[in-house]
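Visitor: Add chain B to chain A, keeping to what the hints say.
So you can see what is in the structure, the chains are spelled out below.
Number of protein chains: 2
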Amino acid sequence: MQNIDTLIHTRWIVPIIPRNQVLENYSLAIDHEKIIDLLPTEDANKKYSAKNTIDRKQHVVMPGLINTHAHTPMNLLRGLADDLQLMDWLQNHIWPAEGKILCPESIYDGSMLAIAEMLRSGTTCFNDHYFYPNDTARASIDASMRASLGLWVGNAPTGWAKDADECLEKAASEYANRPDSKLISYMLAPHSPYITNDGSLLKTKKFADDNNLRIHIHLHETQAEIDIDLKNYGKRPMQRFNELGLLNERLIAVHMVHLTDDEIALCAEKKVHVSHNPESNLKLASGFAPIVKLLNAGVNVCLGTDGAASNNDLDMFGELQTAALIAKGYNQDPTVLDAITTLEMATINGAKALGLEKEIGSIEIGKYADIIAIDFDHIFTQPVYNPISHLVYAMNRMQVSDVWVAGKHLLNHGEFVNLDVKEVIAKANAWAEKI
Amino acid sequence: MQNIDTLIHTRWIVPIIPRNQVLENYSLAIDHEKIIDLLPTEDANKKYSAKNTIDRKQHVVMPGLINTHAHTPMNLLRGLADDLQLMDWLQNHIWPAEGKILCPESIYDGSMLAIAEMLRSGTTCFNDHYFYPNDTARASIDASMRASLGLWVGNAPTGWAKDADECLEKAASEYANRPDSKLISYMLAPHSPYITNDGSLLKTKKFADDNNLRIHIHLHETQAEIDIDLKNYGKRPMQRFNELGLLNERLIAVHMVHLTDDEIALCAEKKVHVSHNPESNLKLASGFAPIVKLLNAGVNVCLGTDGAASNNDLDMFGELQTAALIAKGYNQDPTVLDAITTLEMATINGAKALGLEKEIGSIEIGKYADIIAIDFDHIFTQPVYNPISHLVYAMNRMQVSDVWVAGKHLLNHGEFVNLDVKEVIAKANAWAEKI
Chain A
1 MQNIDTLIHT
11 RWIVPIIPRN
21 QVLENYSLAI
31 DHEKIIDLLP
41 TEDANKKYSA
51 KNTIDRKQHV
61 VMPGLINTHA
71 HTPMNLLRGL
81 ADDLQLMDWL
91 QNHIWPAEGK
101 ILCPESIYDG
111 SMLAIAEMLR
121 SGTTCFNDHY
131 FYPNDTARAS
141 IDASMRASLG
151 LWVGNAPTGW
161 AKDADECLEK
171 AASEYANRPD
181 SKLISYMLAP
191 HSPYITNDGS
201 LLKTKKFADD
211 NNLRIHIHLH
221 ETQAEIDIDL
231 KNYGKRPMQR
241 FNELGLLNER
251 LIAVHMVHLT
261 DDEIALCAEK
271 KVHVSHNPES
281 NLKLASGFAP
291 IVKLLNAGVN
301 VCLGTDGAAS
311 NNDLDMFGEL
321 QTAALIAKGY
331 NQDPTVLDAI
341 TTLEMATING
351 AKALGLEKEI
361 GSIEIGKYAD
371 IIAIDFDHIF
381 TQPVYNPISH
391 LVYAMNRMQV
401 SDVWVAGKHL
411 LNHGEFVNLD
421 VKEVIAKANA
431 WAEKI
Chain B
1 MQNIDTLIHT
11 RWIVPIIPRN
21 QVLENYSLAI
31 DHEKIIDLLP
41 TEDANKKYSA
51 KNTIDRKQHV
61 VMPGLINTHA
71 HTPMNLLRGL
81 ADDLQLMDWL
91 QNHIWPAEGK
101 ILCPESIYDG
111 SMLAIAEMLR
121 SGTTCFNDHY
131 FYPNDTARAS
141 IDASMRASLG
151 LWVGNAPTGW
161 AKDADECLEK
171 AASEYANRPD
181 SKLISYMLAP
191 HSPYITNDGS
201 LLKTKKFADD
211 NNLRIHIHLH
221 ETQAEIDIDL
231 KNYGKRPMQR
241 FNELGLLNER
251 LIAVHMVHLT
261 DDEIALCAEK
271 KVHVSHNPES
281 NLKLASGFAP
291 IVKLLNAGVN
301 VCLGTDGAAS
311 NNDLDMFGEL
321 QTAALIAKGY
331 NQDPTVLDAI
341 TTLEMATING
351 AKALGLEKEI
361 GSIEIGKYAD
371 IIAIDFDHIF
381 TQPVYNPISH
391 LVYAMNRMQV
401 SDVWVAGKHL
411 LNHGEFVNLD
421 VKEVIAKANA
431 WAEKI
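If you read the protein sequences in the order shown, they are chains A and B. Using the numbering used here, read the first sequence as starting at 1 and increasing by one per residue. Using the numbering used here, read the second sequence as starting at 1 and increasing by one per residue.
If we strip away everything but chain A, and leave its shape as in the complex, we get (with noise of 0.2 Å):
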């Protein structure tokens, strides 16, 4: 008997890799944080010797998911305003708010009442978008989850900076001071087409390769955006990032709701990673971005949540049963991203996009124990023929029973091992009361 750290014994597994695969009587060997073994429970009993053993009988146990574009700090805004037109939204309403509140404090608070939702929710890694970037990486160290942290970078005036050469001052200042965490990763983080501009881009450009690190943006997001480069530049936001070097492999562009047959095959060449974010593209009324077009042309398609000011949930399970069906109904073909596509793309899909396929996105051996269980023992999924197609169609979030990140357990039986939830939540309305 090999003696281990945490045994898990499910009904099914769903590893992602090997494609469409449902292991049914299986069981999960964790150690040292890594995922060890992937066997069935008759001979893992036989194998292993466990300090925690965990059974799961009644569950299906996958790869946490991967929100590959958040705004975490906005949880404090939730709900503040709904159904405006963007400019109205931002300029009289979100952006006062931020005003009011932005400082390393609110930042913490509402990163980690976030972090509390994507927990609950199944998500275990999540690609953030926005300022003081070591306050929301503080708070996903101290509930033990895993990110990526945006670098932020804006020609505009913000609560952060005054402009783009102090936010790139601001970037280093941070990356220098980034927590030592196994957890952690970093990306540069320029708003946008529209609030960055091509000198920023390059210096942005630079900072990223010289410390091998991604970028991440919102790109082709509404057709006004592409209006105003169309006007500044004489060309296309794409075009205008291909010609500044920034189409490759490390680019995550967020939305890209709007591109021509020839902007989908240039984003395939050039190996960018799209991240498809439909509630929200609905919510603000951006469009139906062109995601089977993408995954036909060979693009890595991710998916995120955005920011709850704009969603207003941080629901991965929503976000990928809302892309699977708005994708068949746009493309008036029921056919269209099937179950197991629409669950590659919101774990090792994403996974890629952050360039850590090699350490977690699917329940491999050697991989991260980035995991997580769901109970299907219950009403809304039950009977059971395919538990692919409940995990897309029929699950609620609030039936994701258990959460692993590096192998240590966070949400045992659906309540959270250290997290304080009603602290979160009074952090946060404190916060709230002053908007």
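Think of the hints as simulated: they come from the structure by calculation, not from any bench. In this text, all values refer to a predicted model and were calculated from it rather than measured experimentally. Where is the CB? At the ideal position from N, CA and C, for every residue including glycine. Take these hints with a grain of salt, some might be off.
[Unchecked claim] Quick look at which bits of chain A chain B covers, simulated, 3 or more residues with Cβ under 8 Å: (1) 115–121; (2) 270–282; (3) 311–320; (4) 395–404; (5) 425–431.
Guide: Below, chain B without anything else, positioned relative to chain A:
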């Protein structure tokens, strides 16, 4: 002090009528199945002495949701087949499975599985469209849920009847033997333009008129359906129905995805009720119903889930979020289908469609106490700036903590008061094993 059955103290009441109102720190008084008062909690404690006093201090209390299009027994087929073309799905998967198990007992057990799911999710009334309606009625009465049952009519042979005439005989027999319950009402339920010919429709209309019943039918769901009528009758279904005298305030037309502007005006003129089923329309790739145009024309638009085989959940809160989001995306306008309009569709508009607007659909004195409480003290719905926003854009159906139908407490702090969920699931699985 006046002695009453139940007094509910809560943080927020959203009565739906008057429109867009949020009453804070209010109480609801219930006696003999009905709402008898709605007043500040301070006053309620002085005025009423209740057998049951319910404190729900961080909750929203609102009318129960009304699901205007369901096929409840099809919950037994949830997730059996997905991501297929409509005819492949029906002919090779759904119809053969139905054929294997169709009988009064499977109808009762499948309906009970759906009823449990709907009650757990805050739905207090449903409008069903399936075979063996009195067995679904029996399940609904046993669960104390309100329901409108469809008397099925179609020209195709089914496990229920060999032709439309036998359907009409069975409709007469079911209706004659209907249970005596204030919770239960009936409609005629011809299937669709393509499975119900003119003769059957006229006989169905006569039955409905003779018994003062409404008609509940699938209409203009797909372009293929319209093409069939153009080929067989030389006219679109709406025109054919108009000529048959079927378009009036007693018709609930389900789906209505493909409509010309003239047909939208005709719906308004004839006061046809439209049941919008957005998730089913997306999953089956039927398309995007022109809901904003219908509402602007003055049509009463309500909401439905369709059956679990094509959705795959009976989550009216999910459905109303999807309705609001896709309307914005489809119309390229974030201001359309705002939160309160969407909530009206799921409540009072549903009551109007069923002809029950004097009895249910809002929290008004004299109406039945068909109400629900939702726990907002939850990581998904904090902070709270506007409760109506969270009801549409943020809350999860598992936050529904309490359900009353006609003043009877059916769900208490998230637990069923009488219904044995384990037994319901076990019976459903016994049928699933036969498929």
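Visitor: Hint by hint, say whether it matches the structure.
Guide: Results of checking the hints against the structure:
Coverage of the region 115–121 of chain A by chain B holds. Counting CB-CB distances below 8 Å, 3 residues qualify, and the rule asks for three or more. For the region 270–282 of chain A, the proposed coverage by chain B is satisfied: 3 residues have a C-beta within less than 8 Å of a C-beta in that chain, meeting the threshold of three. As drawn, the region 311–320 of chain A meets chain B at 5 residues by the rule of a beta-carbon pair under 8 Å; at three or more, the given contact holds. A stretch counts as covered by a chain when three or more of its residues have a beta carbon under 8 Å from one of that chain; for the region 395–404 of chain A and chain B the count is 3, and the coverage holds.
A stretch counts as covered by a chain when three or more of its residues have a beta carbon under 8 Å from one of that chain; for the region 425–431 of chain A and chain B the count is 4, and the coverage holds.
Of the numbered hints given earlier, the model fails none.
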